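Visitor: Count along the sequence shown starting at 1, add 41, and that's the number in our numbering.
If you are wondering where the hints come from, they were derived from the structure by calculation, not from laboratory data.
Hints may contain errors.
Claimed, not checked - Simulated crosslink set (DSS-like; lysine-lysine; CA at most 25 Å straight-line): (1) K375 <-> K435; (2) K499 <-> K435; (3) K499 <-> K479; (4) K435 <-> K479.
Unchecked claim - Here are the simulated distance ranges between beta carbons: (5) Q312 <-> K435: 34 to 42 Å; (6) D432 <-> I368: 42 to 50 Å; (7) E369 <-> V346: 25 to 33 Å; (8) T380 <-> E263: 30 to 38 Å; (9) L437 <-> T345: 30 to 38 Å; (10) V442 <-> E377: 22 to 30 Å; (11) L508 <-> S429: 20 to 28 Å.
The structure presented is a predicted model; accordingly, all values stated were derived computationally and were not measured.
We put the beta carbon where it would ideally sit given N, CA and C, even for glycine.
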Amino acid sequence: MVEKEVPVEKSKQDENPAISPAETLQFVGLSGDQDPFILQYCRTKRIRDVDGIQWTCHRFGNDPRFPASFTAVPDQHLDAHPSYYPLARRLEIASPHTDQLVRSFFEVVHPSVPILDPQSFSPSTAFLPLLAAVFALAHPYCHGAQAINPWLFMDFNSQALPIEARNAKLETVEAALLHAQRHTYIFRAPTMPGLWAEVGTIVGMSQDVGLNIDASDWDIPEGEKKRRKRLWWAVYMQDKWAALTLGRPSYIHDDQYDVEDLEVADVIPDQNVSEDLRDLPARVFVAAVRLTVILSDILSQLYTVKGVKRLHALATGECYNIAHGFIERLDSWKEEYLTPLLRYDTIHDPTGSLQLAYYTVEITLCRAILRTPAGVEFRQRSASLVSSVIDWLKNLQVNRVSAFWWSASKINFAIAGGFMIGMFLSATKDEEVNYWIKEITTYRNLLRAHSPNFNVTKLASIRMDLLLQRDISDNTSVNDEDEVDSSAAQRPSALGQGLDDQDQQGIKDSGMDAGNLFSTETLREDFAVEPAVAFGNTYGLEWDADLDQLLSGFDYRF
42 MVEKEVPVEK SKQDENPAIS PAETLQFVGL SGDQDPFILQ YCRTKRIRDV
92 DGIQWTCHRF GNDPRFPASF TAVPDQHLDA HPSYYPLARR LEIASPHTDQ
142 LVRSFFEVVH PSVPILDPQS FSPSTAFLPL LAAVFALAHP YCHGAQAINP
192 WLFMDFNSQA LPIEARNAKL ETVEAALLHA QRHTYIFRAP TMPGLWAEVG
242 TIVGMSQDVG LNIDASDWDI PEGEKKRRKR LWWAVYMQDK WAALTLGRPS
292 YIHDDQYDVE DLEVADVIPD QNVSEDLRDL PARVFVAAVR LTVILSDILS
342 QLYTVKGVKR LHALATGECY NIAHGFIERL DSWKEEYLTP LLRYDTIHDP
392 TGSLQLAYYT VEITLCRAIL RTPAGVEFRQ RSASLVSSVI DWLKNLQVNR
442 VSAFWWSASK INFAIAGGFM IGMFLSATKD EEVNYWIKEI TTYRNLLRAH
492 SPNFNVTKLA SIRMDLLLQR DISDNTSVND EDEVDSSAAQ RPSALGQGLD
542 DQDQQGIKDS GMDAGNLFST ETLREDFAVE PAVAFGNTYG LEWDADLDQL
592 LSGFDYRF
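Sequences and hints are given; from them, build the entire structure.
Guide: Have a look at this one:
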């Protein structure tokens with residue numbers, strides 16, 4: 042977005058060197074009071090009157106079916122930088138390490154989130170919220186800056202970005218997107234507070250600046266066209282993955298954007314890396330966008346309020362066809378995008394987030410189909426999928442662990458764990474129950490083992506602990522009138538039935554043995570276990586007995 046200098050009256054904003062007097066261009070939508078079909082006849086004009094009103098009209102593109110017009114007003118008329126805007130000097134603490142932080146960002150973070158132009162980014166002239174976001178993401182990878190509290194950068198943007206949203210520009214969207222990828226330093230059960238509202242603001246800002254409109258025929262520099270396309274698809278990804286991981290309806294609808302597909306040429310390569318790796322970030326970004334489009338279709342068809350009802354009204358064959366249509370798309374995506382990317386060898390390999398995202402999309406598909414009449418056909422596929430996730434996590438190499446992972450990855454790991462628990466709860470055979478206990482135990486151990494040095498798995502570990510462990514307060518006392526089975530403590534737990542010694546030891550090491558897990562009765566109480574518990578109506582599944590009877594011979598204490 043082009044900033045045009047305009048004279049402004051001296052105010053408190055002049056005390057803040059972070060602020061320059063500028064005007065904000067806002068896209069004119071079709072249904073607003075400033076009809077773009079009228080504005081298309083206006084040449085660029087600037088109007089100032091004696092009452093201090095300043096208004097500018099800009100026209101881009103020549104499509105008579107959809108006139109692209111922007112109006113502009115001075116930032117000061119938008120309450121853009123009030124007196125409580127955070128002062129620039131709060132970021133001065135990073136000044137001795139600025140070059141190191143920027144270098145760390147482009148070496149580690151940028152390959153995973155390549156929305157900036159490495160050639161044009163300059164910390165001395167950068168938009169301060171964008172600079173703060175760069176510092177915050179680079180901080181863990183910059184050894185020289187470890188004495189700095191990273192919350193200084195994140196807190197700056199937590200205050201600045203809601204104010205900047207009043208006069209959004211392209212750099213505002215860039216800063217907000219990077220801020221949404223910020224590291225988690227305190228891990229608790231909830232996700233980042235306010236994240237969904239934050240995503241809504243990002244989508245709103247992107248529409249304010251017209252990112253959802255195809256700019257390929259606009260009269261703007263080619264570099265800005267690429268920048269707008271990169272940003273739109275980054276916003277699209279942020280919206281869709283947040284919608285999935287938070288279980289919210291997407292803000293973006295397919296009929297409200299017409300931006301062309303992202304291509305490798307739209308992502309600016311970093312000239313400071315070797316030539317054979319120069320296009321890796323672009324290829325990962327393009328692959329992620331293509332995968333996200335598939336995810337969006339799954340969410341809109343299988344996870345909307347009305348979509349779920351429509352799905353349950355379909356016959357088995359129709360559900361089966363829907364599922365296999367998505368499976369074919371995922372298989373094609375894997376062959377075209379993921380498999381070639383896995384051949385790269387780089388120190389901070391950004392493909393880990395992408396491969397986890399692929400597994401998550403397939404899990405998302407299976408979760409929906411398992412609730413339909415076709416679900417019985419997908420239990421074996423689900424088992425194979427989970428086995429692939431576990432094997433992948435077992436063999437996760439240091440060059441992937443050391444990379445920057447997308448913020449959604451934390452919940453993607455948790456989604457895989459929750460899926461395993463759902464498969465366990467809906468198992469109908471003793472051997473299947475034992476199989477899923479083994480898989481849950483292995484996955485839980487892997488999450489814990491990775492957590493100290495790879496905190497992307499910490500949230501998933503916490504989530505699984507919450508689901509599988511009983512609050513200690515529930516077992517601290519027994520009322521006098523309670524009946525106690527004195528033989529219970531002596532009875533061997535059926536948790537290990539059908540498992541070898543190594544598997545049983547793994548269960549004990551994971552904290553899932555009889556001493557730490559709660560009983561079948563509390564399992565029923567906590568999960569309200571019924572034949573449709575995990576994935577909804579099980580339709581074609583043949584239940585050998587009522588679930589009470591099925592579990593009566595077992596002492597599973599999740």
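Visitor: Taking the hints in turn, state whether each one holds.
Guide: Structure-based check of all given hints:
no.	hint	in the structure
1	K375 <-> K435	holds (21 Å)
2	K499 <-> K435	holds (16 Å)
3	K499 <-> K479	holds (20 Å)
4	K435 <-> K479	holds (15 Å)
5	Q312 <-> K435: 34 to 42 Å	holds (37 Å)
6	D432 <-> I368: 42 to 50 Å	violated (20 Å)
7	E369 <-> V346: 25 to 33 Å	holds (27 Å)
8	T380 <-> E263: 30 to 38 Å	holds (32 Å)
9	L437 <-> T345: 30 to 38 Å	holds (34 Å)
10	V442 <-> E377: 22 to 30 Å	holds (26 Å)
11	L508 <-> S429: 20 to 28 Å	holds (22 Å)
Figure legend: structure checked against the earlier numbered hints; the only hint not met is number 6.
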